[in-house]
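Keeping their order, the protein sequence lines are chains X and A. Going left to right, the first sequence walks through residues 1 to 117 as our numbering numbers them. Going left to right, the second sequence walks through residues 1001 to 1196 as our numbering numbers them.
Bear in mind the hints are in silico, worked out from the structure with no lab data behind them. A couple of the hints might just be wrong.
Stated by the list, open to error - Result set (SDA-like, lysine to any residue): computed pairs, CA atoms no more than 25 Å apart in a straight line:
1. A:Lys1188 / X:Ile23
2. A:Lys1188 / X:Asn7
3. A:Lys1188 / X:Ala18
4. A:Lys1095 / X:Asn7
5. A:Lys1191 / X:Leu19
6. A:Lys1188 / X:Leu8
7. A:Lys1188 / X:Leu16
8. A:Lys1188 / X:Ala12
9. A:Lys1095 / X:Val14
10. A:Lys1191 / X:Leu11
11. A:Lys1191 / X:Leu16
12. A:Lys1191 / X:Val14
13. A:Lys1191 / X:Ile23
14. A:Lys1191 / X:Leu8
15. A:Lys1095 / X:Leu8
16. A:Lys1188 / X:Phe15
17. A:Lys1188 / X:Leu9
18. A:Lys1188 / X:Ile10
As the list claims (entries may be wrong) - Short, incomplete list of chain X residues facing chain A, as computed with Cβ under 10 Å:
19. Asn7
20. Phe15
21. Glu41
22. Arg77
Every residue, glycine too, gets a C-beta built ideally from N, C-alpha and C.
So the chains spell out like this:
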Amino acid sequence: MVRRPPNLLILAVVFLVALAATITFGYRASQHARRLRLENEPIRAWMSVPFIAHTHHVPPEILYQAIGVEPHPHDRRPLRAIARAQNRPAAAVIRDLENALARAGHTHPAPPAGKGP
Amino acid sequence: MREWVLAALSQYGSPALFAVMMVASIGVPLPVTLLLIVTGSLISLGVMNLWWAIGVAIAGSVLGDQIGYAIGRWGGTALVSRFGAARGASGRLAKAEAQMRRWGGLGVFFSRWLVSPLGPWFNFASGIAEYPWARFVFWDVAGEVVDTAICLGLGYVFSDRVQALDAALGDFTWAAVALLAAVWLGWKLWKALRSH
Chain X
1 MVRRPPNLLI LAVVFLVALA ATITFGYRAS QHARRLRLEN EPIRAWMSVP FIAHTHHVPP
61 EILYQAIGVE PHPHDRRPLR AIARAQNRPA AAVIRDLENA LARAGHTHPA PPAGKGP
Chain A
1001 MREWVLAALS QYGSPALFAV MMVASIGVPL PVTLLLIVTG SLISLGVMNL WWAIGVAIAG
1061 SVLGDQIGYA IGRWGGTALV SRFGAARGAS GRLAKAEAQM RRWGGLGVFF SRWLVSPLGP
1121 WFNFASGIAE YPWARFVFWD VAGEVVDTAI CLGLGYVFSD RVQALDAALG DFTWAAVALL
1181 AAVWLGWKLW KALRSH
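Given these sequences and hints, build the entire structure.
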């Protein structure tokens, strides 16, 4: 049996690792691409109310009402700024918005494939 | 950091976009892909202007890339020649510089968008190898235009799915980096096996 030098073995192992990483990340990318059609966006503290209304396809007034804020036509404040102004944690504002979306029938509905936007 | 960067974009718009793109291009790990996707979404909402956002994003990135190149050229060269010479690596350095001059343009172009995690490293390497500045600027601007167009365009089209899109693009980029590494390692392996 021909004995391979250690450098060659290391090269072969690193090559296989790179190949495995290519397959893993490629598979994960395809899974995320599937989610594009199936799930609504989770609400984050960096989002503004009009942005959340846009991503969930609801009128912003519903969301403003849920958190007790006067609707603003050009409101760019992120939720964390609104929460700070209301002197409460951003998680509480997010919870109120999620409840409002649930009442409006927009709780991550996961539409069947082929019927998405 | 991610929340802070996106909150700044949401609240301040273009100045935040410019600052984050510039700092990230120097090498600070910031979520620039998500930032550009969200910018595309904000454009579709009518909150930001399309052409202004494109200009600001490209200007910030290119400025950051120039800073990275300058650091490599005036800081990195001195460092490499001092420690490289001490370790007797001048031959390998000369070879690396020759390779950079030959393939540097394509490297700079593709590291702006296809294998973007390598972008800041290519900036430093281009500076260290003294890759001609005018050519660096040409490939840099071309790559940043492609990157900005892809991310803003996807953000505009999938404006209500920005987080899932960012996750998909992130994994796609790492898959591209891993594939590039696999091709290069496979070639080295094949050459080594043939020589035995």
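To see whether the hints hold, each was checked on the structure:
no.: 1; hint: A:Lys1188 / X:Ile23; verdict: holds (20 Å)
no.: 2; hint: A:Lys1188 / X:Asn7; verdict: holds (11 Å)
no.: 3; hint: A:Lys1188 / X:Ala18; verdict: holds (13 Å)
no.: 4; hint: A:Lys1095 / X:Asn7; verdict: holds (21 Å)
no.: 5; hint: A:Lys1191 / X:Leu19; verdict: holds (18 Å)
no.: 6; hint: A:Lys1188 / X:Leu8; verdict: holds (9 Å)
no.: 7; hint: A:Lys1188 / X:Leu16; verdict: holds (13 Å)
no.: 8; hint: A:Lys1188 / X:Ala12; verdict: holds (9 Å)
no.: 9; hint: A:Lys1095 / X:Val14; verdict: holds (24 Å)
no.: 10; hint: A:Lys1191 / X:Leu11; verdict: holds (11 Å)
no.: 11; hint: A:Lys1191 / X:Leu16; verdict: holds (16 Å)
no.: 12; hint: A:Lys1191 / X:Val14; verdict: holds (15 Å)
no.: 13; hint: A:Lys1191 / X:Ile23; verdict: holds (24 Å)
no.: 14; hint: A:Lys1191 / X:Leu8; verdict: holds (10 Å)
no.: 15; hint: A:Lys1095 / X:Leu8; verdict: holds (22 Å)
no.: 16; hint: A:Lys1188 / X:Phe15; verdict: holds (9 Å)
no.: 17; hint: A:Lys1188 / X:Leu9; verdict: holds (12 Å)
no.: 18; hint: A:Lys1188 / X:Ile10; verdict: holds (12 Å)
no.: 19; hint: Asn7; verdict: holds (8 Å)
no.: 20; hint: Phe15; verdict: holds (4 Å)
no.: 21; hint: Glu41; verdict: holds (6 Å)
no.: 22; hint: Arg77; verdict: holds (6 Å)
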